[in-house]
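Take these sequences, add in the hints, and give me the full structure.
Number of protein chains: 2
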Amino acid sequence: MREDRERGSYSVGRARREKILDVAIANFAELGYSQTSMAKIAQDAGLTGPGLTHHFPTKKHLLVAVAERRFSMLRELAEEAPEDVDGTGPLRQMVRLSGLLHRQPGMVELFVLVSAEAADPTSAAHALYVARYETVVAALTESFRTSVEAGFLRADLDYDGIARECIAVADGLQLQWVLTGRRIDLLGLIRNHLERLAPAILVSGRAVDLSDELRPARS
Amino acid sequence: MREDRERGSYSVGRARREKILDVAIANFAELGYSQTSMAKIAQDAGLTGPGLTHHFPTKKHLLVAVAERRFSMLRELAEEAPEDVDGTGPLRQMVRLSGLLHRQPGMVELFVLVSAEAADPTSAAHALYVARYETVVAALTESFRTSVEAGFLRADLDYDGIARECIAVADGLQLQWVLTGRRIDLLGLIRNHLERLAPAILVSGRAVDLSDELRPARS
Chain A
2 MREDRERGSY SVGRARREKI LDVAIANFAE LGYSQTSMAK IAQDAGLTGP GLTHHFPTKK
62 HLLVAVAERR FSMLRELAEE APEDVDGTGP LRQMVRLSGL LHRQPGMVEL FVLVSAEAAD
122 PTSAAHALYV ARYETVVAAL TESFRTSVEA GFLRADLDYD GIARECIAVA DGLQLQWVLT
182 GRRIDLLGLI RNHLERLAPA ILVSGRAVDL SDELRPARS
Chain B
2 MREDRERGSY SVGRARREKI LDVAIANFAE LGYSQTSMAK IAQDAGLTGP GLTHHFPTKK
62 HLLVAVAERR FSMLRELAEE APEDVDGTGP LRQMVRLSGL LHRQPGMVEL FVLVSAEAAD
122 PTSAAHALYV ARYETVVAAL TESFRTSVEA GFLRADLDYD GIARECIAVA DGLQLQWVLT
182 GRRIDLLGLI RNHLERLAPA ILVSGRAVDL SDELRPARS
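Going down the list, the protein sequences come from chains A and B.
Count along the first sequence from 1, add 1, and you get the number used in this note's numbering.
Count along the second sequence from 1, add 1, and you get the number used in this note's numbering.
FYI, nobody ran anything at the bench for these hints, they're computed from the structure.
Watch out, some of these pointers could steer you wrong.
Chain copies aren't distinguished; within one or between two, either way the pair holds.
Simulated pairs of lysine to any residue, SDA-like, Cα-Cα distance not exceeding 20 Å [to be verified]:
hint	residue 1	residue 2
1	K60	P122
2	K41	F57
3	K60	L129
4	K60	A128
5	K20	V137
6	K20	A43
7	K20	A151
Predicted model, so just to flag it, every value in this text is computed and none were measured.
Set out below in structure tokens:
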């Protein structure tokens, strides 16, 4: 019973935190990060000022929490990935993931901002961001290695480096997407990169078509 | 005569500006951007406070000027590129360029910071940065197209997109280089990406070795 209650209370706190984050992301997307006030977020989330700052002391904390949510999504998606049946699994996973992030308005802009913030080693976000980033690189590397063990991907390549390249393409193109006012075909360019990468890493050396992964999920 | 004098005065101002930038970059590299004061930069450059702020009103202006210098270097290198004799010219250019940036301590960190700054649309750096960025994408796209016209590169590909991918890899890996405390092989990973890209864009479809471009230039 006690355990249930604690879990319940934890869930309520977590749900409120998630609600605040939803409200913050919506406001950041609409008004821009710098133009959004903590007062407005509190109001839209149905909280008092102290109610909000109990969860997120400053707007920077919200920005970091957005990054954390993004990293969690990445991790969950990596864990939920269907078994790789032909070596294209990790690439399909990258495309699905990019599509998912892309469909959340404002998330890309916020991620670019938080990367910027975290790149400054004196920033509070730095250490957390570094750790989370390495987790994502490690997860993607691991999924490549699983496909190597299954005999689908070449065993003589540096998959940590390839994972970093895939993530760099996604990060770098997101920066360009923000800088060009969303005028580049972000998902198309990410997909092109992965489709060109495929023959170089597949044991079969064959061409692949990743367009199916860009259709919205049915769930 | 008058023209000579004006040119002379312009050169002196320009030389002083470049000197200040050298001092600023060295300080940013050693102390970090946020820990470097305008007073320290003025002192090291042999200027009074007002002497410095005449050229750069704030530290943010210095940060933007660092980005401008980087973009100028990119443009100059693009213009100086030897004629492409086999279709690998634009790729060799990217590797040389990355090597050049990599050899300047602190420039990578500063570029990551300025990207961050510029990604915020309310920032003073935004418009300038957007324009300079597009110049670099256009220059690289143009050099791919020249190689297409020479018959070396496939004519059926989206070279604007490929240029954006190459720049994204460099930008994204630079972010990771900063986040990992320079523990990744930045130039090796950039080179690997371009060597995998080559067979996909060359009419000949052949493999290429870009390692020669990583040797320091003799000049």
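Within, between, both or neither: how does the pair K60, A128 come out at a Cα-Cα threshold of 20 Å?
Within. Shortest intra-copy distance 18 Å satisfies the 20 Å Cα cut-off; inter-copy 25 Å does not.
At most 20 Å between C-alpha atoms: does K60 with P122 qualify within a copy, between copies, both, or neither?
Both: 19 Å inside a copy, 17 Å across copies.
Between K60 and L129, at a C-alpha cutoff of 20 Å, which is it: within one copy, between copies, both, or neither?
Within one copy only: 16 Å inside a chain, 27 Å across chains, cut-off 20 Å.
Treating 20 Å as the Cα threshold, decide for K41 and F57: within, between, both or neither.
Classified as within; 14 Å inside a copy, 36 Å across copies.
Can you tell me if K20 and A151 fall within 20 Å by alpha carbon in one copy, between copies, both or neither?
For K20 and A151, neither the intra-copy (41 Å) nor the inter-copy (57 Å) Cα distance is at most 20 Å.
Give the relationship of K20 and V137 under a CA distance limit of 20 Å: within one copy only, between copies only, both, or neither.
This pair counts as neither: shortest intra-copy Cα distance 25 Å, inter-copy 41 Å.
How would you label the pair K20, A43 (within, between, both, or neither) given a Cα cut-off of 20 Å?
Answer is within; shortest intra-copy Cα gap is 11 Å, inter-copy 48 Å.
Hints 5, 7 from the earlier list are contradicted by this structure; the remaining hints agree with it.
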